[in-house]
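Listed here are the chains, written in short residue letters.
Number of protein chains: 2
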Amino acid sequence: MSDLLDTVRGLAKKTDSKILMVVLDGVGGLPLTVNGDTELATARTPNLDALAQESQLGQLELVGAGITPGSGPGHLSLFGYDPLKYVVGRGALSAVGIGVKLNAGDVAVRGNFATLGAGRLITDRRAGRPTDEQNVAVVDRLRAAIPEIDGTPVEIYTESEHRFVVVFRGAGTPLGANISDVDPQVVGVVPMLAAAHDPASERTALLVNEFVARAEALLSAEPQINGVLFRGYSDVPHFPSFDDAYGLRAACIASYPMYRGLASLVGMDVLDVEGHEDALDGKVAALRDNWDRYDFFYFHVKKTDSTGEDGDFAAKVKKIELFDALLPELLALNPDVLAIVGDHSTPSKMMSHSWHPVPVLIRSEYARKDAATRYTEDEAQRGSLGLRRGTDLMPLLMANALKLNKYGA
Amino acid sequence: MSDLLDTVRGLAKKTDSKILMVVLDGVGGLPLTVNGDTELATARTPNLDALAQESQLGQLELVGAGITPGSGPGHLSLFGYDPLKYVVGRGALSAVGIGVKLNAGDVAVRGNFATLGAGRLITDRRAGRPTDEQNVAVVDRLRAAIPEIDGTPVEIYTESEHRFVVVFRGAGTPLGANISDVDPQVVGVVPMLAAAHDPASERTALLVNEFVARAEALLSAEPQINGVLFRGYSDVPHFPSFDDAYGLRAACIASYPMYRGLASLVGMDVLDVEGHEDALDGKVAALRDNWDRYDFFYFHVKKTDSTGEDGDFAAKVKKIELFDALLPELLALNPDVLAIVGDHSTPSKMMSHSWHPVPVLIRSEYARKDAATRYTEDEAQRGSLGLRRGTDLMPLLMANALKLNKYGA
Chain A
312 MSDLLDTVRG LAKKTDSKIL MVVLDGVGGL PLTVNGDTEL ATARTPNLDA LAQESQLGQL
372 ELVGAGITPG SGPGHLSLFG YDPLKYVVGR GALSAVGIGV KLNAGDVAVR GNFATLGAGR
432 LITDRRAGRP TDEQNVAVVD RLRAAIPEID GTPVEIYTES EHRFVVVFRG AGTPLGANIS
492 DVDPQVVGVV PMLAAAHDPA SERTALLVNE FVARAEALLS AEPQINGVLF RGYSDVPHFP
552 SFDDAYGLRA ACIASYPMYR GLASLVGMDV LDVEGHEDAL DGKVAALRDN WDRYDFFYFH
612 VKKTDSTGED GDFAAKVKKI ELFDALLPEL LALNPDVLAI VGDHSTPSKM MSHSWHPVPV
672 LIRSEYARKD AATRYTEDEA QRGSLGLRRG TDLMPLLMAN ALKLNKYGA
Chain B
312 MSDLLDTVRG LAKKTDSKIL MVVLDGVGGL PLTVNGDTEL ATARTPNLDA LAQESQLGQL
372 ELVGAGITPG SGPGHLSLFG YDPLKYVVGR GALSAVGIGV KLNAGDVAVR GNFATLGAGR
432 LITDRRAGRP TDEQNVAVVD RLRAAIPEID GTPVEIYTES EHRFVVVFRG AGTPLGANIS
492 DVDPQVVGVV PMLAAAHDPA SERTALLVNE FVARAEALLS AEPQINGVLF RGYSDVPHFP
552 SFDDAYGLRA ACIASYPMYR GLASLVGMDV LDVEGHEDAL DGKVAALRDN WDRYDFFYFH
612 VKKTDSTGED GDFAAKVKKI ELFDALLPEL LALNPDVLAI VGDHSTPSKM MSHSWHPVPV
672 LIRSEYARKD AATRYTEDEA QRGSLGLRRG TDLMPLLMAN ALKLNKYGA
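Which chain is which? The protein sequence lines are A and B, in order.
Heads up: the first sequence runs through residues 312 to 720, numbered per our numbering.
Heads up: the second sequence runs through residues 312 to 720, numbered per our numbering.
It is possible that part of the hints are untrue.
[Claimed, not checked] Pairs of lysine-lysine, BS3-like flavour, derived with a Cα cap of 25 Å: (1) B:Lys412 - A:Lys660; (2) B:Lys717 - B:Lys324; (3) A:Lys629 - A:Lys614; (4) A:Lys660 - B:Lys717.
In case anyone wonders, no lab produced these hints; they're calculated from the structure.
Work out the full structure: start from the sequences and follow the hints.
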């Protein structure tokens, strides 16, 4: 597998130039009717249009032809890590996303609270989607009841609604993460027993099964949250940090846990963001306040994806327009290299992530401008960057920032 | 090299949607004069034009930049198997194409009847292109004379004209296929002795050389067919079947042996086709009759290639128009995903296969449409699919058929 990262790593140099990568989550779309416009083409975006006219456009395929990226692989690709080579489990992502540091030998596990009926049959895999407050209350009880199992420290964290994370600390006895799911992913059956797929994971399977048993015993009187299901086990991923790979002091400006966790895994500093949900004003403030301290910023906008997942075409258009209104504040900082991109497409028509390439825009003094007049899928198709793998983006941004030495004499 | 097949394999899911892949053999072309039109652009194709207007176009490079694909590698690429990784020898293809099943340990060898003059010097490498009837008569004599060599069963089959296939059955003693050619590929010299390139193939070289000697002894009185030349030795290729790789129940609708053999090697059901040569009506009937039984159809049209190989521009144009006339019958079946593509280019101007990318068209509800108004090389160059490797096609068709799960969380 061709991996540019290793080459870039050997060529990176530190300079004063600044790179701003804006990820509009799930921004690529589809028209609702055969000859209709996409969400991007429908949106009124005077600032993005003006930016496109002084930029270079193209399309990125984040994982590969036809492959629909999850948020993890999509972002890893944008950050230059081939997602077929660098795999991060959901458990590790979730753990790091809520600020939990994982060490070698630890295993992080993604959990759902569930409702079990007679004979332990699962009646609701999400326990009726409890509130975050209900979640916290149950997590508190579990923490008190299960601080350790057989000498292995156990940490339990709220994620949101029905979601929580368990970290088994394997410092003394390193734990493997190669075990089968407890969550059968259907209702009407009992939770499965976790089984180890290799010797290093045998103890992990025991710990998980014991956790399930103790949690059910503790919660047996509860009508709604009385069971736990696990899937997505992960140990700590090992790959070069952003500093190591690019020599960049990098900062993450994102408000949702998974994106913050991902940035943390590649060694970015995760900045505090004031405000709720997408908190765009808080993000801009964080960017402005920290502008002098870093040479790379990952700036994440979530709602373009959420509205697409909801199938709400008009709302996605609005979220794009909302970002457009904010754009002048980013431009005012005058980044040497600015990229606007998505981590995958989320067409409202499909109500899900999709495999379609994402439009990418690069503005820099050295970018080879093209005829694009708007940041849309159509214009991106004709853009001078062509159709590329997502992992091409970071080398292009580094080059445009004049942060890469020549390869060979 | 990134091999998407392994990734796709882990994501494939079964659904009711149907994919139709039409391969117009050698369809890509060149203009005869600098500013002229290609065969596709010259052809009057109202149905293809209308289809292009509701589809997405692009270009595929089947093997790699500048590489002219043989029919085997071209098709393997379309089927998603990297032809640089998955190699099928011509011998195996020929054998399977005439309905001969190969087993582990067997070696299939492609043979030419030749004319030898004084001192065994080759005077015609194709023995004056005998008729199929002459071929059968000689094969019958060889079969009677050489049923086995040193305990190894030998099977001899007619292919056509000067071509035949020998299968050495290695059930008792597995045979390697790594030996050198008997055919020197020039006239005026004697046939070469086959030599083994590895220990496992030493016995195979002995068998081949003994076959050559016995055949020449048997045919020594013949003025025209009195020698045999071998090249293209192959053992049984091992790669994931279409069902295994994609979870597809796949059917092949083709009339020529090689294409049927290739489809069979990847595990497609090879359907009966009524009629002679390209038998387009028989193919459409086979497609219609079996529509409910499969979820993937490979539909092969041969004459677009043959006419190009003949250097007959006008005839190739006619064959394209003939397919265009047939297209409504395919569209009437309403495939969820329809692809029109070639397995390589065969410009009439060159009278041979060529390295030029082939135009590809995908129609599906979820394809990101572009501005194309015709299925031509020019329009394909501007298409939204961009320029891609041939192995990207299957993942894209699977995605458009909503048969692939998301990669990662």
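The hints, checked one at a time:
1. B:Lys412 - A:Lys660: 47 Å, violated
2. B:Lys717 - B:Lys324: Answer holds: Lys717 (chain B) to Lys324 (chain B) is near 11 Å, not above 25 Å.
3. A:Lys629 - A:Lys614: Judged against 25 Å, a Cα distance of about 10 Å means the pair holds.
4. A:Lys660 - B:Lys717: 17 Å, holds
Consistency note: the structure conflicts with earlier hint 1 alone.
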